[in-house]
Amino acid sequence: MILHTLNASPSSSAFEDCLKTIAEGDAIVLMGDGVYAAIAHTEVSRVLEDTGAALYVIADDAMAAGVLNISAAVSSIDISGFVVLTETFPLQQAWY
Amino acid sequence: MIYSLLVLSSPFSGHCSRTAAAFAHCVITRGHTVRRVFFLDAGTLASAANSVSAQDEDTSMKDWAELANQHGVELAICITSALKHGMLDQVEADRNERPFPTIDSLFMMSGLGQLVDAYANSDRLITFGG
Amino acid sequence: MTAVTKKTILIVLRHSPYGSGLAKAALNTALASAAFDQSLDLLFMGNGVLQLQPDQDGRVKGVKDVGRQLASLPLYDINHVYVDAQAVERYNMDLSKSPVEIRRLDGPEIRQLMICYDHLLGF
Amino acid sequence: MLSANAFDKEGFLIELTDWNPGVAAQIAASENLELGAAHWEIINLLREYYLTYDSTPAMRALVKYCALSLGPEKGKSIYLMSLFPGSPAKLGSKISGLPKPDNCL
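Protein chains in written order, with my numbering: chain A, 1 to 96; chain B, 1 to 130; chain C, 1 to 123; chain D, 1 to 105.
Looking at chain A on its own, in the form it has when it is part of the complex:
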């Protein structure tokens, strides 16, 4: 299983490439410009939900970007929560 980290906006090729490889049982951490993929009631957030992966967003990054209406399927975590995920997932792929 792969822990994906996305640090690019939902219109980027990074996002596109990430979607190509993500699968059920994976997790994705949205950070930096990736937090815009967490906005509730968007096509992008629906696409992410459909992957079956566990969805997370770095709370500070979302706050800095003004992303407050976070999709219910996305959990807010701090950096410590991010570290916890890396303990569980043996592989990380950085998309940016």
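Read the hints as simulated data drawn from the structure, not as lab findings.
Hints may contain errors.
[Claimed, not checked] No farther apart than 30 Å at their CA atoms in a straight line, the calculated lysine-lysine pairs in the DSSO-like style are these:
hint, chain 1, residue 1, chain 2, residue 2
1, D, 74, C, 97
2, B, 84, D, 100
3, C, 64, B, 84
4, C, 7, A, 20
5, D, 9, B, 84
6, D, 9, C, 7
7, D, 64, C, 6
8, A, 20, C, 97
9, C, 64, D, 9
10, D, 74, C, 64
11, D, 76, D, 90
12, C, 64, D, 64
13, D, 76, C, 7
14, D, 76, C, 64
15, C, 64, B, 62
16, D, 64, C, 97
17, D, 100, C, 61
Chain A is fixed; fit chains B, C and D onto it per the hints.
Here is chains B, C and D on its own, set in the frame of chain A:
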């Protein structure tokens, strides 16, 4: 577990370089070891000793300093990327006939072999880019 | 260097050859990994496939030619090069004259590949 | 003969276009080497490598390239060491007028 970090992000765009520093702190707080933080490409700019920021903006330097000084984490910068970005220690300044060093002494100029050594001897390699 | 344990790694190249320093950083990481006897493969994905564009000539702009440097990979015993078939199609690329042997993968195959390694290095 | 300021502190040519066979002999002499036919075979190969791959080879690639071009007997690090003692890829490249290899490799 043993972790190594690869930082490709510039400290001057986005939050990623600072996220990497915060991540390294949390890794240690949770009882793991950070074998090495390796800076490559624009990531090497984290070592810029003479970077001047607005007074009311935080820089990542103090986070890296704490990691290096309090936790003994090795901060290695890729020599080829560093030289290209104008980041030189005293040895490289002399060798390349430049007037003075430009990196903070927290950072160590290294070959990519140190990245290989880091990932080969770590349970986790976490990459920070963008 | 301390004694190096051997790990399997996949270097994932996703950026165009001259748009940033990432292609060069990835190539150097691959060569260094080979020099220290690690077991590594390369995956060109998305815009990264543009690094394999035939007839590129970085020299025109006075920089190292990424395409020609990639051609030296077999001399470093890096023999497994995978590409994202969809990206190759998107850019209508002809890889028939590629100096390195290339295997095309679709999305699910790419994922299958990625989970076979100890570490992923995303550039 | 090029003057001393045509070379950097480590003896590499500063302007690669200054290179010619006489300059190769000059660099070799400064390293206490006299170039024979066997050296020239490798020097020509190094220059061909540079033109083909736009890079200076590391030892591993040089050995393999020699094996492919000159046969297995010459594609051995021990053979290259006998011609260019110490670090054959680096010394050979220096004499052949190739750019200094990337520091990080």
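So, going through the hints one by one against the coordinates:
1. 74(D) - 97(C): holds, 29 Å
2. 84(B) - 100(D): Holds: residue 84(B) and residue 100(D) sit about 14 Å apart, inside 30 Å.
3. 64(C) - 84(B): holds, 14 Å
4. 7(C) - 20(A): holds, 25 Å
5. 9(D) - 84(B): Distance of about 19 Å is within 30 Å: holds.
6. 9(D) - 7(C): This hinted pair is violated, its Cα atoms lying about 38 Å apart.
7. 64(D) - 6(C): holds, 22 Å
8. 20(A) - 97(C): Roughly 27 Å separates the two Cα atoms, so the pair holds.
9. 64(C) - 9(D): holds, 24 Å
10. 74(D) - 64(C): The given pair, whose Cα atoms are some 29 Å apart, holds under the 30 Å limit.
11. 76(D) - 90(D): holds, 16 Å
12. 64(C) - 64(D): holds, 22 Å
13. 76(D) - 7(C): Answer holds: residue 76(D) to residue 7(C) is near 27 Å, not above 30 Å.
14. 76(D) - 64(C): Holds, at about 28 Å.
15. 64(C) - 62(B): violated, 36 Å
16. 64(D) - 97(C): With Cα atoms ~22 Å apart, residue 64(D) and residue 97(C) stay inside 30 Å; holds.
17. 100(D) - 61(C): holds, 20 Å
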